[in-house]
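2 protein chains.
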Amino acid sequence: MDIKAYMVEVGTAARQAASEMASVSTGLKNSALLATADVLDKQREMLMSENAKDLTQARDNGLEPAMVDRLALTPERIDVMIEGLKQVAGLDDPIGIINDLKFMPSGIQVGKMRVPLGVIGIVYESRPNVTVEAASLCIKSGNATILRGGSEAIHSNKAIADCIAIGLKEAGLPETAVQVIETTDRAVVGEMITMPEYVDVIVPRGGKGLIERISRDAKVTVIKHLDGICHVYIDSDADIQKANNIALNSKTHRYGTCNTMETLLVDVAVAEKVLPDLASLYAEKGVELRGCSRVCSILSDAKTATEEDWSTEYLAPILSIKVVDNLDAAIAHINKYSSHHTDAIITENYTKGRQFLTQVDSSSVMINASTRFADGFEYGLGAEIGISTDKIHARGPVGLLGLTSEKYVVLGDGHTRQ
Amino acid sequence: MDIKAYMVEVGTAARQAASEMASVSTGLKNSALLATADVLDKQREMLMSENAKDLTQARDNGLEPAMVDRLALTPERIDVMIEGLKQVAGLDDPIGIINDLKFMPSGIQVGKMRVPLGVIGIVYESRPNVTVEAASLCIKSGNATILRGGSEAIHSNKAIADCIAIGLKEAGLPETAVQVIETTDRAVVGEMITMPEYVDVIVPRGGKGLIERISRDAKVTVIKHLDGICHVYIDSDADIQKANNIALNSKTHRYGTCNTMETLLVDVAVAEKVLPDLASLYAEKGVELRGCSRVCSILSDAKTATEEDWSTEYLAPILSIKVVDNLDAAIAHINKYSSHHTDAIITENYTKGRQFLTQVDSSSVMINASTRFADGFEYGLGAEIGISTDKIHARGPVGLLGLTSEKYVVLGDGHTRQ
Chain A
490 MDIKAYMVEV
500 GTAARQAASE
510 MASVSTGLKN
520 SALLATADVL
530 DKQREMLMSE
540 NAKDLTQARD
550 NGLEPAMVDR
560 LALTPERIDV
570 MIEGLKQVAG
580 LDDPIGIIND
590 LKFMPSGIQV
600 GKMRVPLGVI
610 GIVYESRPNV
620 TVEAASLCIK
630 SGNATILRGG
640 SEAIHSNKAI
650 ADCIAIGLKE
660 AGLPETAVQV
670 IETTDRAVVG
680 EMITMPEYVD
690 VIVPRGGKGL
700 IERISRDAKV
710 TVIKHLDGIC
720 HVYIDSDADI
730 QKANNIALNS
740 KTHRYGTCNT
750 METLLVDVAV
760 AEKVLPDLAS
770 LYAEKGVELR
780 GCSRVCSILS
790 DAKTATEEDW
800 STEYLAPILS
810 IKVVDNLDAA
820 IAHINKYSSH
830 HTDAIITENY
840 TKGRQFLTQV
850 DSSSVMINAS
860 TRFADGFEYG
870 LGAEIGISTD
880 KIHARGPVGL
890 LGLTSEKYVV
900 LGDGHTRQ
Chain B
490 MDIKAYMVEV
500 GTAARQAASE
510 MASVSTGLKN
520 SALLATADVL
530 DKQREMLMSE
540 NAKDLTQARD
550 NGLEPAMVDR
560 LALTPERIDV
570 MIEGLKQVAG
580 LDDPIGIIND
590 LKFMPSGIQV
600 GKMRVPLGVI
610 GIVYESRPNV
620 TVEAASLCIK
630 SGNATILRGG
640 SEAIHSNKAI
650 ADCIAIGLKE
660 AGLPETAVQV
670 IETTDRAVVG
680 EMITMPEYVD
690 VIVPRGGKGL
700 IERISRDAKV
710 TVIKHLDGIC
720 HVYIDSDADI
730 QKANNIALNS
740 KTHRYGTCNT
750 METLLVDVAV
760 AEKVLPDLAS
770 LYAEKGVELR
780 GCSRVCSILS
790 DAKTATEEDW
800 STEYLAPILS
810 IKVVDNLDAA
820 IAHINKYSSH
830 HTDAIITENY
840 TKGRQFLTQV
850 DSSSVMINAS
860 TRFADGFEYG
870 LGAEIGISTD
880 KIHARGPVGL
890 LGLTSEKYVV
900 LGDGHTRQ
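The listed protein sequences derive, respectively, from chains A and B. Every letter in the first sequence is one number past the one before it in my numbering, and letter 209, counting from 1, is 698. Every letter in the second sequence is one number past the one before it in my numbering, and letter 246, counting from 1, is 735.
Next up, chain A with everything else stripped away, as it sits in the complex:
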């Protein structure tokens, strides 16, 4: 198979579909989403039997049981995909909204219209439900999409793609608005990220290795989320009960998520008071503690943290803890070691709270709330295509708006420039 020729064909079809999708009505887009939900519901057996091929192959290839589990399309997971499609159909359509239409001194009226980006390329690993999530957000935002899932899910992804194509067709929309790459050849990714004439944005979803590789080689803008090294800082003016609850929740609510706290900072003024109680709470959950020298002098059971710990995303029941002299030291530590994802301060002090919000350079900054809230659904976006730790275009949880741009609209009445 000539991968370059194949990708040009896919890209050309995507461009054409994008130009049609840009002016499709909200009603038709919703029809396509709901029709797809119906098709998935009717095709449960087909989906599970195609998925079974992937599962067999995965077991034959010796994939870890946790990975095999992520790959499985259970009846419950199909329910979740169907529910997700209905939710996206229920979201407000951002496309075509004209904002701030104002008269200028010259007499022209100028505003901004929300428009799709065009073609979104999504590169992801294992979980086949991402196929439906990503496709639904791209359809609702009037974009065309090219989906490149993991080779281990190829049968499941193709089966889901067939259902989406039927849904699009039933609504009268171009079937190539959603294209799932049908080959597992890895060269596809290299082509996809270097064809700006066909692809406007790449959203990689997967491990850090995948995202670093894509960012390094891409010739197309990448909405990327590298890692989540999130901090909670317990200030000297913290309410201790809130501090305990948030420090515990931020670490132990889930270990494997990007908005989980990896480093706890504690003001020296309250360290002796808060650390022993927190240590028992963490001990109950089986969390390993790695502290700076001042932490270790208070908590005899804590291991000694190395320099590397401050920049490690554990994604595991391990927490690094550092005692800092004051708020300035906490902010300096965060701006140096944070992955600019999410950082929180626990304080009752008005001025210190404001300083933290202003000076911490992360996509989410919080006062007295768990870092686990950094999430598109918790922020009311209704959906999430990813979390961006970049500052350009989209930052933080990315919903439908992150898949759009704006254009200026000028209304005149024969106006010419003087």
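Calculated directly from the structure, the hints in this document are not laboratory data. A few of these clues could be false.
The list cannot tell twin chains apart, which means a pair is met if one copy fits it or any two copies do.
No more than 27 Å apart at the CA atoms, straight line, and that leaves these computed lysine-lysine pairs for DSS-like [what the hints assert, rightly or not]:
{"#": "1", "residue 1": "708", "residue 2": "697"}
{"#": "2", "residue 1": "731", "residue 2": "601"}
{"#": "3", "residue 1": "697", "residue 2": "647"}
{"#": "4", "residue 1": "591", "residue 2": "731"}
{"#": "5", "residue 1": "658", "residue 2": "575"}
{"#": "6", "residue 1": "493", "residue 2": "731"}
{"#": "7", "residue 1": "493", "residue 2": "708"}
{"#": "8", "residue 1": "601", "residue 2": "591"}
{"#": "9", "residue 1": "731", "residue 2": "762"}
{"#": "10", "residue 1": "542", "residue 2": "762"}
{"#": "11", "residue 1": "591", "residue 2": "542"}
{"#": "12", "residue 1": "575", "residue 2": "774"}
{"#": "13", "residue 1": "647", "residue 2": "792"}
{"#": "14", "residue 1": "825", "residue 2": "493"}
{"#": "15", "residue 1": "601", "residue 2": "531"}
{"#": "16", "residue 1": "575", "residue 2": "591"}
{"#": "17", "residue 1": "762", "residue 2": "774"}
{"#": "18", "residue 1": "575", "residue 2": "531"}
{"#": "19", "residue 1": "601", "residue 2": "825"}
{"#": "20", "residue 1": "713", "residue 2": "825"}
Keep in mind it's a predicted model, so treat the numbers as computed, not measured.
Here the structure of chain A is known, so what remains is to put chain B in place on it, guided by the hints.
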């Protein structure tokens, strides 16, 4: 000189300055701008004598008189720089604005805070007044900036940089918030556009060659404006008087600007009616007309347009004209040949106007207004760092907001995730 080491030094200083600038108050930023205006006013003689060195060198090097003129710092041009600084000081400060702070079902309050991008690299040619314009916008938006002007303006740019440094110092801001590259070595640009650890965005201002080269090699996001192939489409329902005025103004108000019309499209239903009158208007201004076969059959003096004409930015008194069958054909032509900068329809028809606004994929779309209005000042942005023909991050005229990003702000009261 070790260019790599020099650029790392400049980059490190810029990063440090950016982190300070991010939380500087509006008052101090305005003080720095107004102090710089004062310094420029007091240093007129120094500025003109340094500029004279550039002018002498330019003439010795045989630079075209038009280019030498662009390089000259006359008393009037110094007035304009001073006035520009005062205007930017008068603009609203976008930094720190928190929008849409809403309560979520969980009880947390979520909003978005406007923040600087960090370090902006600007690569530009000849005109030394760009140094002041770019620096003032970066200061106001709380960014640090690295300015790399043309080698032919090096003495003028250094002199202006000295004035800005004094202004920053007088206001107590870091002098390295604005750094002008002090060497004319071209390797500087190559370094600057490939050091994402020090530079967040590159804004190239100059010819198409410069911008294409930078876009191709950059490892940093580029806010780029390639070219302006702008269209006016005279619909069959156009008001002929408005059509004549706008078609004339869009072409002849200024020939060398990116928002000048380069191709006129005329609906076949009105071609015979409008083209002869328009041709006389253009003839008066000395505009050469190049038409499709249908145009040439109406205007015997018009030259025959080649395929290349439809994608040429003349920046000169030349206009290509095409007769099209209907609105759909006009939109298809524009979406194929336009540089996605600015395109206008002249019509009294409500439905066709709406269709044009929706389906034309350009950074500015207009009804019954001259393309020459596509400009940051005319759009009320108060300033303009450039015009983006991209869809990512910033699109169309880019003012202060284009130099900013947003971060999520979460306010809780001890909230943890369930």
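Cross-check of the supplied hints:
no. : hint         : verdict
1   : 708 with 697 : both (19 Å within a copy, 19 Å between copies)
2   : 731 with 601 : between (43 Å within a copy, 24 Å between copies)
3   : 697 with 647 : within (26 Å within a copy, 43 Å between copies)
4   : 591 with 731 : between (46 Å within a copy, 22 Å between copies)
5   : 658 with 575 : within (18 Å within a copy, 58 Å between copies)
6   : 493 with 731 : neither (56 Å within a copy, 49 Å between copies)
7   : 493 with 708 : both (16 Å within a copy, 24 Å between copies)
8   : 601 with 591 : both (10 Å within a copy, 23 Å between copies)
9   : 731 with 762 : within (14 Å within a copy, 77 Å between copies)
10  : 542 with 762 : neither (56 Å within a copy, 68 Å between copies)
11  : 591 with 542 : neither (58 Å within a copy, 46 Å between copies)
12  : 575 with 774 : neither (37 Å within a copy, 60 Å between copies)
13  : 647 with 792 : neither (48 Å within a copy, 54 Å between copies)
14  : 825 with 493 : between (42 Å within a copy, 23 Å between copies)
15  : 601 with 531 : neither (42 Å within a copy, 42 Å between copies)
16  : 575 with 591 : between (36 Å within a copy, 24 Å between copies)
17  : 762 with 774 : within (20 Å within a copy, 83 Å between copies)
18  : 575 with 531 : within (15 Å within a copy, 66 Å between copies)
19  : 601 with 825 : between (37 Å within a copy, 23 Å between copies)
20  : 713 with 825 : within (20 Å within a copy, 30 Å between copies)
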